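*Asks:* The chain contents come next:
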Amino acid sequence: MVNPTKHVGQPMKRVEDPRLIKGIATYVDDLRLPGMLHAAFLRSPHAHARIRRIETGAAKAMPGVVGVFTGADVNDQCGVVPCAAAIPDLKAPKHTVLAGERAYFAGHPVAVVVAQNAYVARDAADAIDVDYEPLPVVTDPERAIAGGSPLTHPELGTNVAYVHSVSSGDIDEAFRGADRVVRQRMVHQRLTPMPIEPRGCVASYHPGDQTLTLWSSTQVPHLVRTLLPGMISVPENKLRVVAPEVGGGFGAKLNVYAEEALCAHLAMRLGAPVKWIESRRENAAATIHGRDQIGEYEVAVTRDGRVLGIKARSVADLGSYLQLLTPAIPTLTGLVLTGCYKIPAITMEIVGVYTNKMATDAYRGAGRPEATYLIERLMNLIADDLKLDPIEIRLKNFPQPDEFPFHTATDLQYDSGNYQAALKEAQRLADWPALVRQRDDARAAGRLFGIGVSTYVEICGMGPSKAMPAGGWEWGCVRIEISGKVTVITGVSPHGQGEETSFAQIVADRLGVPIGDVVVLHGDTNIAHYGRDTYGSRGLVVGGPAIVMCIDKIIAKASALAAHLLSVSVDDVEFRDGRFVEKKKPDNSVDWARLAGEAYIAKNLPPAFEPGLEASSFYEPENFTYPFGTHIVAVEVDRETGDVKIVKYVAVDDCGVQINPLLVEGQVQGGIAHSIGQALFERTVYDENGQLLTGEFMDYPLARAHDIPDYVMGSTVTPSPGNPLGAKGVGEAGTIGATPAIANAVMDALGPLGIRHLELPLTPERIWRAIGQHAGVAAG
Amino acid sequence: MTQTIRVRINGTAREHAVEPRLLLVHYLREVCGLTGTHIGCETSICGACTVLVDGKAVKSCTMLAVQADGSDVTTIEGLARNGSLHPVQEGFWECHGLQCGYCTPGMIMAGVEILQRHARPTREQIAEGLKGNLCRCTGYVHIIDAIERAAGARRAERGVGGDLKW
Amino acid sequence: MIPATFSYARPTTIDEAIALLTKHGSGAKVLAGGHSLLPAMKLRLAQPEVLIDIGRIAGLNTIAERDGRVVIGTMATHAEIESSALVARACPLLGQVAARIGDAQVRNRGTIGGSLVHADPGADFPAAILALDAELRLASPRGSRSVKAAAFFEAMMQTVVQPDELLFEITVPKTATSAAYVKSEQKASGFAICGVAAIVDAQAKTVAVGVTGVASKPYRATAVEAALRGRALTPDAVAAAAALAANGVEPLGDIHASPEYRAHLAAVNTKRAILKAVAQG
Ligand SMILES: Cc1cc2nc3c(=O)[nH]c(=O)nc-3n(C[C@H](O)[C@H](O)[C@H](O)COP(=O)(O)OP(=O)(O)OC[C@H]3O[C@@H](n4cnc5c(N)ncnc54)[C@H](O)[C@@H]3O)c2cc1C
Ligand code: FES
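Residue numbers (this note's numbering), protein chains in the order written: chain Y, 1 to 780; chain E, 1 to 166; chain A, 1 to 281.
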């Protein structure tokens, strides 16, 4: 018997914080190696251009410059940037580490300088002269697939990368039986993830033992270790990848990038460590973007608001080449398009398109925010068209709590859920009748006040290996050291999520040891030998059970040793509060320190007992987890300027069992901040020449402190039955649930003016224009 | 061509010959080895590089090291005194005011200045005081909690945080 | 992130600064707070050969009263102006405007003189100094001259200041408390896409309106002022006059705000600023 709730479930402050708040943590830019050189990239200013000639002589001659390399120097020695997504009939360009004959997006690396310090490297990059011949540029994905468009990659003969279809149920029957079909075109704008720490890496080669160490600001050191050997000539078992302190990722660092391979290659080639730190401008231009889908959506509904089927056709702008998961992200949208509703039939066709822009890939939520936005907007449009209450429509289409596990038309098995309870709790916290009254009074006074609801479900805990490109299991190891201290090693790679704390909570409770005795290690492939890293809200949900499995193994092993030391049979030993106790004679007991001592000194072990107290495990999830929730937002729109003010925000999230509610709250609040940005002001803009107009924080707004409303936060707890911790994951919930709630609120505020739908972001100007068009108010 | 500068950093007098173009943030990080001050942008927006120069919060990426000649600079490393955390640091720890930690040193330094300006700041004053600091992880609520807590204000009743000591 | 090389000088007197400017010609740039110049240098959009740091010239940041006017040294920071008791008493508009600039760190370093000479079309101070009829005092090898705010701004990021000239102080008349600044921000940078500074005199007889962010250079909304001269400042009258706020200017357009929206904001913010000023009077 242990006390499983002594730490688990408590809002504990984090063990990782002291080093961070004192400024003594080590991010990749903080590394200093003897003889370290510095790389700087020269990038194409053109979205599409033939590279006629690159003149590097002047740069090479500058004092302090060690080398200048172009595609001609390195592309035949480094493999192409890998894409792990398996999509049938995918047409893919070969994306070399530096541009070859053509540069095909603004920011495409064309040459790299290595110098004795970063200042000189930057100076030398300016001294490289490139002769570009501009080529026709493709920026609009819809025009890219209409006839007569120039081609992003002439050698592919088309701008279409793939066409992916999802189809289930009898869609024709659904539309035949419909009383009404609700239609809407919707644009899901391109976004830039913008972690505050840009990317960066340090590569160091040891010629003696022929090992390469790559420190990289990455979410996925293990994936990098798996994939980098395909790009540089170092075998996997001579490669060590370390994710030091990582300053945020949000999917932008769930990737293997050309710069990582190049720095590794150059470190070997030059025989010195090479560091590269991305600038913000590079980060905006040449680190993955997210979202960017445009589509036409049709829903078949009955008069009373039951949804019979959805037809969707969307165009996904992949940008100019494929990063790790680029083509897979839009397909996730198709998977969860039915949201938290019983919708018997669906067809979705997704056309992945190449344009002369940076590649899109997984940005927080990856495919699910798109789906949730679409279905949640559609539910409101249905309510508008049928003159029904948006809440009533939702309740009508939810599966009942006793229908779980719930099988969706897209073949997902929602593990557990009670969507009604979360909605009800959110309404309670919002003081729904009073909020509705407030809206009605405001409207009566001529103000634009709106309430928006979104009920969401998402896919977390990625994932069952059969459904993942490269295995979805997680690995862990727990070791009781000879001193009785506990070392935990996880294959996930936290960078802000706080698993050094939440895993310690789990381990301390289950082993009955002081939490201060537990240390959690991660992010170094020489320490955490296996892992599948951190993304898709998987750290706790998939990484945690691997640790639990180790603990179970250790307790079983220790029981045998305890029985031997207590001179009783194993069946007579009980594990209780960190001690192994003889059931009938509780004062006959041993603790971990004694057991660990014996296990390692190994002079008094039972027969055939392996020395040591350590276990490692691979946990293979049998299913994804499906957290859900309801967000309710009230906004007021300034009729004259179009400004939106959030006046109330209620978030009820159900992420199953909460190991640390303080961390859960932080994850949700952080996610909502991304959503406020997406709903109201964030968008990545390229002009018609493929120039990025949002290449700095000066032009790409992130939410700031004063943009954040006071939240009312609540939760329901529906444990995941398939997960040993009952946990579901919470890393992306805020970005998934919040955007449609805000959008629905703004549209509710504008509804009385006859405005049906506006695209994101709902900027003041967009709203002002719509108000002007609908109220006949002249501009200006 | 270099220029000799004398700067007091976290109470220690330093003297270096530096290139005029050396940014204060690079001086702190590369010359003095104080890497707690971070860099998150080049347009002076993100605030990750915030330090105190003669007691005032400044973005050290937007000041030349030569401009700091003769000044007193406090960085995140110099905030804790005699081994005990500054109240703003405490607040960030207690209230889960950080996740990845990258914006945190700048946030904390901005928070210190907010408390110099307002002994008992409102949440709006704190938010306004943080306008020059971007965080992409926390959504700011816990950061505002942290600074409010440091001000000695009663902890906002959010049912979290507790008084659990590690 | 890394500026190109330059050489650096740090004069201690205005004369010394002017001698340096004269010596180095157009390759030299004055460095004040650095909060426009250094970001441009870090992106290598600006690559001056010589920087003349005027941050150590004694007395350049003084805020004082002289001959019935408020005199503000060019190196007075936005924060110093925001928190000056004299400014709050004798010319509150300037303090209000200073408080809306950028963020706390920017206000701690950025200077009024740097902002005015830089003449960013989205800068806040120009709206105020136009509405205030400020005088800007410039020193050069030819002596010193005084320029009225209305004559100071020539075009986008261009003023009458010559390469060998130094702005050393700004003087404004003492004004009533009935003044207000209403700003719509560019969401990412915080600069104004439309900032309107309005001053209503004590008898509510004359209204002065300065507009920034809307056009390539800041301007006085003279049509609005004329329409309201001698009129009772009722909400309807103000709204009708404010509709003229972008008359005769060619509004800027970019991804953050189209010309039409800027023109519209000019009208809305002008109305709001005047009514707010009246309410404060
Ligand atoms: C993140 C950020 C946000 C900002 N937001 C705003 C905002 O919302 N509103 C706003 O108005 N401004 C904003 N600014 C600009 C800020 O106010 C600057 O401080 C100001 O524009 C320039 O003043 P400075 O003292 O920093 O000048 P510097 O950058 O030092 O100089 C600017 C230019 O003026 C010249 N110069 C400076 N002083 C003199 C002088 N006395 N005589 C002759 N020439 C001189 C310089 O040579 C240079 O060309 C922002 C800046 C940043 C970095
Ligand atoms: S690094 Fe200084 S503001 Fe971003």
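Think of the hints as simulated: they come from the structure by calculation, not from any bench.
Check the hints yourself; a few may be wrong.
Listed below are the simulated SDA-like cross-link pairs for lysine to any residue, each with C-alpha atoms no more than 20 angstroms apart in a straight line [unchecked claim]: (1) Y/Lys342 / Y/Val181; (2) E/Lys56 / A/Arg272; (3) Y/Lys645 / A/Arg272.
A few chain A residues facing chain Y, derived, Cβ under 7 angstroms [said to hold, decoys possible]: (4) Ile2; (5) Leu20; (6) Arg137; (7) Ser140; (8) Ala188; (9) Val249; (10) Leu252; (11) Pro259; (12) Tyr261.
Only a predicted model underlies this, so the values are computations on that prediction, with no experimental measurement involved.
Using N, Cα and C, we set each Cβ at its ideal position, and we do this for glycine too.
*Asks:* Looking back at the hints listed earlier, which ones does the structure fail to meet?
*Replies:* Hints 2, 5, 6, 7, 9, 10 and 11 contradicted; others consistent.
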